[in-house]
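*Asks:* Assembling the complex is the task here: the two chains are given apart, and the hints tell you how they should meet.
Listed here are the chains, written in short residue letters.
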Amino acid sequence: MHPAELKDHERELRRFHVRLGVAAVAVLLAFGALLARFFYLQVLQHAYYQTKAEDNRIALVPVPPNRGLILDRNGVVLARNYSAYTLEIFPRKVADLEHTIDRLSQLIEIGPRDRARFRKLLGETRGAESLPIRTRLSDEEVARFAANSFRFPGVEIRARLFRQYPYGKLASHVIGYMGRINERDQEALEKKGVAANYRGTDFIGKSGIEASYEQALHGVTGLEQVEIDAAGRAVRTLSRTPPQPGDNVVLTIDMHLQQVAEQAFGNRDGALVAIEPSTGAVLALVSKPDFDPNLFVDGIDPENWEELNTSPEHPLTDRAIAGLYPPGSTFKPYLALAALELGKRTEKQTIFDPGYFMFGGRRFRDDKPGGHGTVDMRKAIVESCDTYFYMLANDLGIDAIARSVAPFGFGSRTGIDLDGEAAGVLPSPQWKMRRFHTAEQRKWYPGETISIGIGQGYNAYTPIQMALAVATLAENGVMYRPHLVDHIDNPRTGERRYVEPHVVRRIPLDRNYVDFVKSAMAEVNVDGTAAHAFAGAQYTSAGKTGTAQVVAMKENARDYDNGKVAERFRDHSLFVAFAPLENPRIALAVVVEHGGFGAHAAAPIARTVLDYYLLGKLPERPGQPGPASETAQATP
Amino acid sequence: MTQLQRFSLRRLLAGLVEGIDGPLLAIVLPLAAIGLVTLYSASHDVPAREVTQAVNFVVAFVLMWVAARTPPQTLMRLALPAYLVGLALLVAVALGGDVVNGARRWLHVGVTRFQPSEIMKIAMPLMLAWHFHRHEATLRLRDFALAGLLLAVPVALIAREPDLGTALLVAAAGFYVIFLAGISWKVLGVLALVVLASLPPLWGLMHDYQRERILTLLDPSQDPLGAGYHIIQSTIAVGSGGIGGKGWLHGTQSHLEFIPERHTDFIFAVFSEEFGLVGNCVLLALYALLIVRGMVIAAKAPSFFTRLLAGSITLIYFTYAFVNMGMVAGIVPVVGVPLPFVSYGGTALATLFIGVGILMSIHRHRTLVQT
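In order, the protein sequence lines correspond to chains P and C. Under my numbering, the first residue of the first sequence is numbered -19, with each subsequent residue one higher. Under my numbering, the first residue of the second sequence is numbered 45, with each subsequent residue one higher.
In isolation and in its complexed conformation, chain C is listed as follows (with noise of 0.2 Å):
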């Protein structure tokens, strides 16, 4: 081999890893990992998804890869585009979407077929943080509430579908670059009250199914063997994992079919039961690392977009982990949301490396756009 050749080797190997972030790839590797091996105890019946799964992966490594070599100033350029998209997508489903288990969620593209709502996960955070950037020295009430409108519209759209969980998730990316935004804590409280005083009317446009979730939360024994019948069964899988787990394929739980979606929603529930204790505290250690970092990155970033938008994903993922894992433990009403970086499925993985690498980016360029 001539050094030429080396050295060019060396240069296109260097060129490959620029911009992908060593504590970054170090925290999502082992979370990837974990979904991959919960998943084939999951789906032990069903073994050709863990192929997909891992071809899931590898899409949305090169997704995050991708996304970790964008500027931010395109992402920027990027953000108003997205969220157009993204809103007409919805507005379409509303329109002639697939109806799947009564939602209508999907849209047809060609030969598959995606989740809209999905989009609105990475443009909401990107469309709200370039509205705040835009005002940045001049961020007046004025300001939060068009955000306020840009966030609720999407959100009504996606709650409509109804998909209760990713509205949740949408919702919750916009609320935090509002907070960080630094929305005064006087109209949070206010805020705040609207929305306690706002909760009879809603209860009463909720749908049945979604009320009898929160019912069934506070008493799942109400119904053993319909709504509260998730609950129970995770919450007897976690519990009966113990302190060091029933061992690797061996969560009877899970796998005499006792909770439902374990590949998807519910896998904490398989991992718990047969990690237990131990393996909870490494899972959520992981996720603390993550947010840790993505917390260090944002407030290392450059500019008040990438702040916001960095700050924003890093309490998405918070909020992906907190619900789902709460929500299996019986502490937080089911919806349906992933555990990041776990669960089985193509899109959300998708969303959350590209979200991965955005705060690569973030973290790359803290210093090249320095103003």
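The following block holds chain P by itself, in its conformation from the complex (with noise of 0.2 Å):
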């Protein structure tokens, strides 16, 4: 070889091996860094790492609990819980809903109510979960979703708790309904820190006792540790909690009684409350109109919703704890206890009465054309003499009727277990000044009094508070808070709660003067403006009729005929009683909406309902109170 050649080939051997050692050097650099770069991952940001893997692959996944059941004081089932299948799509997982829901059809019946429904919860969801597209699923449906599954990512089956009313309508106001949880009710939940228990619930009381009780009946929410793969499917179970199933709730209510009440009214509007005097409990609470629950437990479709809700009845108003009425005559028994406790009337003491009440140049009339002659405190009560309380209020002033008949609860919450009670207005100058601005508005005219003594004016109370009042004067002036619940079972401990009666305070009154004043009201059932009503009735009772007005006509104008009325401007019949007399086992209010006088309409009505309760007399009219085989377990 020649040495040049070998110089140069030895040149660039040497400049190989350069380039050769360059590379390693850069091969020694990149597995360094990678060595770091495990050394970071591996030991320094291990733990990290390793809650992320666990985080990965365990998920925690909520039981939803089993939903008390309400249940009527003799056991019979109002809510129940059935289990039934649902096809849902995950509206964030699928693309195009419309054509999806479109392919779903094709495969099983979509209604036009279950899309509108489906758009509906759409618009009020809370995000992440799935909603349903078809409810009650039959097992052949199931099936062939099941079979076509694969083609529909992002919709699925699931079983799901529905709960169930069997009675329908009876008692919808008592009972409420469930609805999906919605923002509000989950802001709330999260203020009250009990979302978590609700993790895997989709359904909330939004009324009624399935809304007050919702924490009993609701239930603990188990939990179970499940391996998930990354597609979200569980491979095992780690570990479960189980769910605690909600309380059980049983009312106060006696089905039977509601439904009699109920049918008593008919296709009439109006409240009626009825509680036990010696203990507060409710025994019935109607109101008219009413709707079904059912229609509610699978997500409202828009058309039922907006008819409830539009409604000029406003049938999701419970008129019996929200709605104000002005008592009428009803109001009469406390203004003549007021003037007997204050010394300003005697029993005996008499007025004569021309048909009208003179004041201030006005005439304020009575019923009665040409008037009740001479008329004692008895003899107001029964014939329900309103030029009597007309006097009576004016020499009373304002201050000392709203001081006497507020111990009976008039223009307060009752406090019964029901959210959305209404305060209603006790007229005072207090209460003008708390409720008008301008100077004018606040000042208190002497003749806003005079009608006052006649329950209407200023007065509105809700129908409870009527029943309270009068069965706290049942009680000779004992007042119990009312309430819907009488105790509540734990289903898995056997425990029972039981709600105990309280007194909300004693009234001082003269035994003597509510004598009197009860026996006043008992003439009125027997030979006063309820006497018709009350014609042979084998109890003794105490009763008062009323009669509202809804709209206020000119006092010297009043001798219009009622029949001829428009059925919205007729006035509101009122009865309030209770019964036997001497031992009270049964006080009540009725309010017919339009029904004309107090003796037509409302009297009748408490006459049906406490013949069924003091003698178990069934109304003449056909219908046996309830299914008959739902007297079901109080367990699930």
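Hint data in this document are derived by calculation from the structure and do not stem from the laboratory. It is possible that part of the hints are untrue.
[As the list claims (entries may be wrong)] A short, non-exhaustive set of chain C residues, derived as facing chain P with CB atoms under 8 Å:
hint: 1; residue: Ala181
hint: 2; residue: Gly283
hint: 3; residue: Thr296
hint: 4; residue: Leu300
hint: 5; residue: Leu321
[As the list claims (entries may be wrong)] Which chain P residues stay away from chain C? Per the calculated CB distances, all over 10 Å, these:
hint: 6; residue: Glu(-8)
hint: 7; residue: Gly341
hint: 8; residue: Gly596
For clarity, every value in this text was computed on a predicted model and none was experimentally measured. From the three backbone atoms N, C-alpha and C, an ideal C-beta is built for every residue, glycine too.
*Replies:* Written as structure tokens, this is what we have:
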């Protein structure tokens, strides 16, 4: 080999070795970087990534509890659960909802009502959960979808518990209804700190007992630790905390009595509250019109929702606790009692009623043209003489009236265990000061006191207040807080928590005066305004009719014929009563909207209810109370 | 057994073993074993894969044996035809290849189909080494420019398929030859500047998914369920493995299918989760030994051609290992590069073992063709 060539070769070889060396250094650096990265991930950050891997692996799946049952005082099941398959869509996982629903409808019948409801839910959903497009699938439909489920990612079949109300509309305002948890509910749950317990739960009580006893009914959500794969499929269960079913709520309501009362209303609107005076237990609570809570159980469709909400009759409003009515003449016994207590009248003191009362140049008319003649207190109550009470109100003055009737609960919430109770209005100068803003409006005019005397004017009370007042009178001034729940059963432990009667107050009343007023009210049912309605009653009772003006008519034009007035302007018909007279077992208030005279519409309803409750006597109209087979056990 | 029989048997065995480099075999066999062990865990849902991969290993081993017995001169003669055939096939793919997963990479050959780009992984260093060898004494810039062109065309075709991973590996293989052939540092510097300058226009030419991969590397949390998912989950797998690992078959990330492509490109995540930092060090050491052995062979190689070829093949193994592990550990963008000798897949395995065979052949013939 030529020396020069050899030298060339050597130089070239050396260069190659240098290049190889450079490459080796690069390799070393790169592997060093890898090693450093491994050290960082696997030693320094190990704990962090370990947690991440565990979080990945383990999912906490909430297991919603069975909701407690609602039963009446005799164990009749009013609200229960049933399991049904629903077809549900995860809106977030489905790109084209309409298209998917169209394709689904080729497999499973999806009606316009289902679509509308789905759209409504989509609008009010809180985001992550799946929404039902069809509920109550048949076994065949379940099988058909299961065979095609691979074509529908983001759509699945789930077994869910639904609420069922076997009695439909009956006692719907007491039981209430369930609805999907919306953003407002969610916020409320978070504020109460119980949001975690509602993971996996879609529905919540929206009204009635379902809402006010939500906490007891709901139960405690269980938790399943499951190992999941990347697709979110549960691979196996690691541990399980079983859910604790909700408590069963047993009402004081007697469903048969409730049904008798509701049927007595026919298709008239109004409210009825019947209370056991010695405990405050509510025996029946009616608000008409009512609604079918079953409409809500799988998400109400917009059509029904629209109808329930926009109907001028407001079927979703519980008139018994939120409807405000002037008490009319049912107010008079309390005024009479106040007069006796304050020494403004004696029982025997008489006035002369010419058919009107003149005050400040205005003529306050009596119902009876020509007047009742010479009237003492008993006759004033029995015949419901307005003139007597116009004068009495004037003599008492507004402050004394307000002070005397307030203890009976007028104008303040009774504290019944339902949400949404209204306070009503017990008129007084103080109330006017609070209610109005201009000096003109705030002024109390003496003339306003006169109408207060016959339960008109600013007077506005709920039926439950009227019922509680008469119950308190029946108990000689002892007021028990009204309540709808008798006891709550824990189905697991068998523990039973009773709602103890709670005395709100004992009004210091002279027993002689109370007895006198009661006896006058008893006479109302014997030969007074309600004598016709209570003809032949086999028990003693006390009552008072009332007629509440809906539209303030000119005082000097009150001789209109009620039958000819359009129904919505017709007076409300009221009646309060308790029975038996000596040992009252039931007190009630009845309001029939636009029913005319109290004696005509409200008193017969009260008679029917009392007949059933005291004698077990059913009204003559057909209709046995309730599906007889529904007396289920109080455990799920 | 007669003496003659024993003698011929021994000769037969010796003949079979002849050309097989002991040290290389001692490195590659443990890697293959690691591959099968890890694959068993990664493919617990598809047990048949283990058998297929074992068969792949046998086939690849035979190919290695054949390559080891092929003299470098023969390889040199094969360089140009192999390159031209590879190029022709790449053009054929571009014109009418099968589309899988949105990329046109496959070519039908009778009953099976294969990726012509794989041929280029071997053909490219062969071609360039041969090219430089021909102009050994008189290497000028012109020769390097021609080499660049020979490299650029197939790389562009592969990148267009698109197959960024293979394009990167072929480009690297070619670049290593050019680098080892002694391209001047000045030219290299200029080239580096040109590459840097061309990055922005290149960005514009990239496919969306390629851009996304680079972006997600910079911040995987941007899209945790989309493009960043691979990186996040594989990083969790590596990190949760800790020092000792979770134990074979006990990797939760992989067994619960959080690791995508866990039997192919992301098999290192499975390995790292189950065998931890200790396992990683063992694996890294095996690759380092392979590279050292390859460099020794390159350094001792008898000709320019063999030196360049051996050096390039060695550095390609490094590229495979670094890019794959770096990708799983989240320091390199996600490109489809398998973990050498470990990832599932017959074609890649064949290419890798042929490379080993070539190294063995070069080492065996180090004194025979001394000029």
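*Asks:* Let me know if the C-beta of Ala181 (chain C) comes in closer than 8 Å to any C-beta of chain P, holds or violated.
*Replies:* With Cβ-Cβ at 7 Å, under 8 Å, it holds.
*Asks:* Interface hint check: Thr296 (chain C), Cβ to nearest Cβ on chain P, cutoff 8 Å. Holds or violated?
*Replies:* This hint holds: Thr296 (chain C) lies near chain P, its Cβ roughly 5 Å from the closest one there, short of 8 Å.
*Asks:* Measuring from the C-beta of Leu321 (chain C) to each C-beta in chain P, is the shortest one below 8 Å?
*Replies:* Hint on Leu321 (chain C): holds, closest Cβ of chain P at ~4 Å, below 8 Å.
*Asks:* Hey, is Glu(-8) (chain P) genuinely clear of chain C, shortest beta carbon separation above 10 Å?
*Replies:* violated (7 Å)
*Asks:* Can we keep the Leu300 (chain C) interface hint, with Cβ of chain P closer than 8 Å?
*Replies:* holds (4 Å)
*Asks:* Can the hint on Gly283 (chain C) be confirmed by a CB-to-CB distance to chain P that is less than 8 Å?
*Replies:* holds (3 Å)
*Asks:* Beyond 10 Å on every Cβ pair: is that true for Gly596 (chain P) relative to chain C?
*Replies:* holds (66 Å)
*Asks:* Hey, is Gly341 (chain P) genuinely clear of chain C, shortest beta carbon separation above 10 Å?
*Replies:* Gly341 (chain P) clear of chain C: closest Cβ-Cβ about 82 Å, beyond 10 Å.
Violation of the numbered hints given earlier is confined to hint 6; every other hint is satisfied by the structure.
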